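Colleague: Going line by line, the protein sequences match chains A and B.
Under the working numbering, the first residue of the first sequence carries the number 3, and numbering increases by one thereafter.
Under the working numbering, the first residue of the second sequence carries the number 3, and numbering increases by one thereafter.
Among the hints, erroneous ones may be present.
The list cannot tell twin chains apart, which means a pair is met if one copy fits it or any two copies do.
[Said to hold, decoys possible] Restricting the straight-line Cα-Cα distance to at most 25 Å, the calculated cross-link-like pairs of lysine to aspartate or glutamate (DMTMM-like) are:
(1) 185 - 202
(2) 383 - 136
(3) 110 - 424
(4) 314 - 354
(5) 260 - 354
Think of the hints as simulated: they come from the structure by calculation, not from any bench.
This structure is a prediction, so every number in the text was calculated from the model and none was measured.
Number of protein chains: 2
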Amino acid sequence: MPLIEPRVLKGFRDFLPPQELERRNMIAKIEGTFRSFGFVPIDTPALEYAQVLLGKGGGETEKQVYRFTDQGGRDVALRFDLTVPFARFTAEHRSELFLPFKRYHIAKVWRGENTQRGRYREFTQCDFDIVGSDGAAADFEILFMMQKTLGILCGTGEKDLTIRLNHRGLFNRLLDSLGAGNKSVEILRQIDKLGKTGKDEVRKLLEDITGREQAGKILDFISLGDEGDFDRVLEKLKAAAGEGEDTRRLETLWKYIKDTGTEESFMLDPSITRGLDYYTGIVYESFLNKLPGIGSVCSGGRYDNLAGLYSKEKLCGVGASIGLDRLQAALDELWGTGRRPTYADAALACIEGWGPGKTQALAEQFRNRGISCEVFLEIRKPVQQFMAAEKKGIPWVIIPGDGVLTLRNIEGRKNNEAPDVEAAAALIMGAKQDRTTPATPYTKA
Amino acid sequence: MPLIEPRVLKGFRDFLPPQELERRNMIAKIEGTFRSFGFVPIDTPALEYAQVLLGKGGGETEKQVYRFTDQGGRDVALRFDLTVPFARFTAEHRSELFLPFKRYHIAKVWRGENTQRGRYREFTQCDFDIVGSDGAAADFEILFMMQKTLGILCGTGEKDLTIRLNHRGLFNRLLDSLGAGNKSVEILRQIDKLGKTGKDEVRKLLEDITGREQAGKILDFISLGDEGDFDRVLEKLKAAAGEGEDTRRLETLWKYIKDTGTEESFMLDPSITRGLDYYTGIVYESFLNKLPGIGSVCSGGRYDNLAGLYSKEKLCGVGASIGLDRLQAALDELWGTGRRPTYADAALACIEGWGPGKTQALAEQFRNRGISCEVFLEIRKPVQQFMAAEKKGIPWVIIPGDGVLTLRNIEGRKNNEAPDVEAAAALIMGAKQDRTTPATPYTKA
Numbered sequence: 003m004p005l006i007e008p009r010v011l012k013g014f015r016d017f018l019p020p021q022e023l024e025r026r027n028m029i030a031k032i033e034g035t036f037r038s039f040g041f042v043p044i045d046t047p048a049l050e051y052a053q054v055l056l057g058k059g060g061g062e063t064e065k066q067v068y069r070f071t072d073q074g075g076r077d078v079a080l081r082f083d084l085t086v087p088f089a090r091f092t093a094e095h096r097s098e099l100f101l102p103f104k105r106y107h108i109a110k111v112w113r114g115e116n117t118q119r120g121r122y123r124e125f126t127q128c129d130f131d132i133v134g135s136d137g138a139a140a141d142f143e144i145l146f147m148m149q150k151t152l153g154i155l156c157g158t159g160e161k162d163l164t165i166r167l168n169h170r171g172l173f174n175r176l177l178d179s180l181g182a183g184n185k186s187v188e189i190l191r192q193i194d195k196l197g198k199t200g201k202d203e204v205r206k207l208l209e210d211i212t213g214r215e216q217a218g219k220i221l222d223f224i225s226l227g228d229e230g231d232f233d234r235v236l237e238k239l240k241a242a243a244g245e246g247e248d249t250r251r252l253e254t255l256w257k258y259i260k261d262t263g264t265e266e267s268f269m270l271d272p273s274i275t276r277g278l279d280y281y282t283g284i285v286y287e288s289f290l291n292k293l294p295g296i297g298s299v300c301s302g303g304r305y306d307n308l309a310g311l312y313s314k315e316k317l318c319g320v321g322a323s324i325g326l327d328r329l330q331a332a333l334d335e336l337w338g339t340g341r342r343p344t345y346a347d348a349a350l351a352c353i354e355g356w357g358p359g360k361t362q363a364l365a366e367q368f369r370n371r372g373i374s375c376e377v378f379l380e381i382r383k384p385v386q387q388f389m390a391a392e393k394k395g396i397p398w399v400i401i402p403g404d405g406v407l408t409l410r411n412i413e414g415r416k417n418n419e420a421p422d423v424e425a426a427a428a429l430i431m432g433a434k435q436d437r438t439t440p441a442t443p444y445t446k447a
Numbered sequence: 003m004p005l006i007e008p009r010v011l012k013g014f015r016d017f018l019p020p021q022e023l024e025r026r027n028m029i030a031k032i033e034g035t036f037r038s039f040g041f042v043p044i045d046t047p048a049l050e051y052a053q054v055l056l057g058k059g060g061g062e063t064e065k066q067v068y069r070f071t072d073q074g075g076r077d078v079a080l081r082f083d084l085t086v087p088f089a090r091f092t093a094e095h096r097s098e099l100f101l102p103f104k105r106y107h108i109a110k111v112w113r114g115e116n117t118q119r120g121r122y123r124e125f126t127q128c129d130f131d132i133v134g135s136d137g138a139a140a141d142f143e144i145l146f147m148m149q150k151t152l153g154i155l156c157g158t159g160e161k162d163l164t165i166r167l168n169h170r171g172l173f174n175r176l177l178d179s180l181g182a183g184n185k186s187v188e189i190l191r192q193i194d195k196l197g198k199t200g201k202d203e204v205r206k207l208l209e210d211i212t213g214r215e216q217a218g219k220i221l222d223f224i225s226l227g228d229e230g231d232f233d234r235v236l237e238k239l240k241a242a243a244g245e246g247e248d249t250r251r252l253e254t255l256w257k258y259i260k261d262t263g264t265e266e267s268f269m270l271d272p273s274i275t276r277g278l279d280y281y282t283g284i285v286y287e288s289f290l291n292k293l294p295g296i297g298s299v300c301s302g303g304r305y306d307n308l309a310g311l312y313s314k315e316k317l318c319g320v321g322a323s324i325g326l327d328r329l330q331a332a333l334d335e336l337w338g339t340g341r342r343p344t345y346a347d348a349a350l351a352c353i354e355g356w357g358p359g360k361t362q363a364l365a366e367q368f369r370n371r372g373i374s375c376e377v378f379l380e381i382r383k384p385v386q387q388f389m390a391a392e393k394k395g396i397p398w399v400i401i402p403g404d405g406v407l408t409l410r411n412i413e414g415r416k417n418n419e420a421p422d423v424e425a426a427a428a429l430i431m432g433a434k435q436d437r438t439t440p441a442t443p444y445t446k447a
């Protein structure tokens, strides 16, 4: 039989151990933060009725969706985001949920996008929302969680992160005052392109919609955020569009931000509008200051009718989504790939006279002390076992012995002796805490 | 616009917070054990070329696969297990992997199975394998990891778990001695039904294949395990089929099992054959002693040509797979659903005079001490906030105050006072460690 070429589909990827370890570590940090806020996880099927997922129909999305007829003749599709399944979920399980409902959902989604734009057709989203509360407290909790989670993920502190905040109401009032309120969806979509295409291009597109004078006023307004300071920008926006519920909400949020001492992470930016007409309140995007070019790594906003397609009950909410793949790529760029996680704290050498049973029993004593410990499976010269550990980025090789354990420090190329497991474990744990140099990648160069 | 009915496809499920929390906790325990052995994670695409996944073609599997033509006209399919993608993965990335390669993969797979048999069309597999080592040390490591992982998951200790072990070579030699070696695939498939259909039914099926006398001998042979004691069963098997590499391998493994003191978890059972012709060495299934009826929760074996479809290089290996959904259902049955995990350690009450900013800043002080802390978002009477905590299974409500914190113990219906966060955190952590009663489920009854 001829061999089949082992290959994946265009736009799809394998994750080798170094990448997958890093992803799992990122997800563990994200989940840890979400859980510390009392958010709870849910999951939904990858495959759903196409009608349920595409209810609204039309648009760019529909063309990208993986849609087909299953064995039972049903019209089905792979989910293309986590928002639509969540809307369906809340409508279906409404009677089982307490409001406000604080949930997160970390899962893969699929879109047959044009891969030439450097996009993947399978990617991971991390969504978190508070549904059933319209207050500033809920808005703030999402913003605060974004700030905490991204800070922990990037390990850089709040100065390296900027969350750009705006309110849809403010912008809508400006358009109304210009008599352009009926064109808001179209205008929002153009302004959302600002980061990608630049101001001149957006000006042209806006002029086509509103005429030259109004386009100028809109661009002047959304440029008011360039000044930086939140209070001053807010004053200017009030001067331009007048006061309203939206400016009062922004004022309140700014107070809460100051109460938590997180001012350095936030900016008021009237150019942030988000393309989707789904949002009705605050909207936001977040950027890594050292990598502005990669765009927003976490975005979201407030909406007033989550599940309108499936239920008459109006459910408001506020939420955000982290693009894990983009963030991982950004952190790789920021730190280089040398920081790959070590995949075990120690390896137990395989030596004559110590069979796999005895060796595993010894390894268990280390594992029970929180030290991950690979057992080498084949008898080789010590130097070969040290080389294997080095290639895999394992910092220690333990050579078993009766009455004494020899600990080879791979990086330092030195042997240490320990009278028992307790002492050996203390040595390994101590060095682990001191360890600042990056581990060698697990895969071959 | 008429509403769309919010529903999922037959055989697919939503996971509500209590179930999803439990699943995530199970996966964390499984991963923690795998990582402690130095196993590393990989991931592969959900969607692959149909030819890559279905290379061998034919059979029961092919009918169940979700297969379709994508937007680019490619013949694609959703993965139906993690073994085939792993085989493709090792062939594709062979030059990047060190052997022996110890990997795990926890991910969803899809099969359009008949749901009347209580099966799901979307389910999670946890596979772990050692590839590139043919020794007993590798066999034993997989067995030992199974024993550890299932013991930790079930929290029941090794006495409640039985791993039934056999060797394909032994059975093949018996068939050869009966002159039925050429019918082995067919015979194995029938014997694999033993647990489901019973001995009488299997006897009939075997008689159709081999005739009455041989069927009797085969059944006599596979019944030799009924005696229990590993050594005695092994002696009887040797008497019936003679000694060979297979009996020596089983002897060696039994020694390693004794070296680690895990004898109580293992049995030698010649009726375990596994249906797949893929296996060539040891094979095994594992059972919860208190729930024998649910069948094996973790099975696997040794194979000698993992990636033969994609590569000329013969890669041997040994591995196992945990069926997470079946195991979760089993644990629910064993423990009841009352043991649902608490979804936060404490809630901070929302009271007049303490805005969301100050409250979140206070909550952070608890979170930084390892206490997950939900912030309630709306001002309500204390009794209403206590009720909300009770419904969600949150054991403590913290009422902020200047100079003193009041801690409401929900279960005991008592207030405690603490002078500062330090003292309050100590109280909550202390009670958490004492906590043995199950939490109220998060969802409404």
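Colleague: Check residue 383 against residue 136 for me: Cα-Cα at most 25 Å, and say if that holds within a copy, between copies, both or neither.
Modeller: Between. Shortest inter-copy distance 19 Å satisfies the 25 Å Cα cut-off; intra-copy 67 Å does not.
Colleague: Give the relationship of residue 260 and residue 354 under a CA distance limit of 25 Å: within one copy only, between copies only, both, or neither.
Modeller: between (65 Å within a copy, 19 Å between copies)
Colleague: Is it within, between, both, or neither for residue 314 and residue 354, if the alpha carbons may be no more than 25 Å apart?
Modeller: This pair counts as neither: shortest intra-copy Cα distance 73 Å, inter-copy 33 Å.
Colleague: At most 25 Å between CA atoms: does that hold for residue 110 and residue 424 within a copy, between copies, both, or neither?
Modeller: Neither: 43 Å inside a copy, 40 Å across copies.
Colleague: Is the C-alpha distance from residue 185 to residue 202 at most 25 Å within one copy, between copies, in both cases, or in neither?
Modeller: within (20 Å within a copy, 76 Å between copies)
In the structure shown, a violation is registered for the earlier hints numbered 3 and 4, in ascending order.
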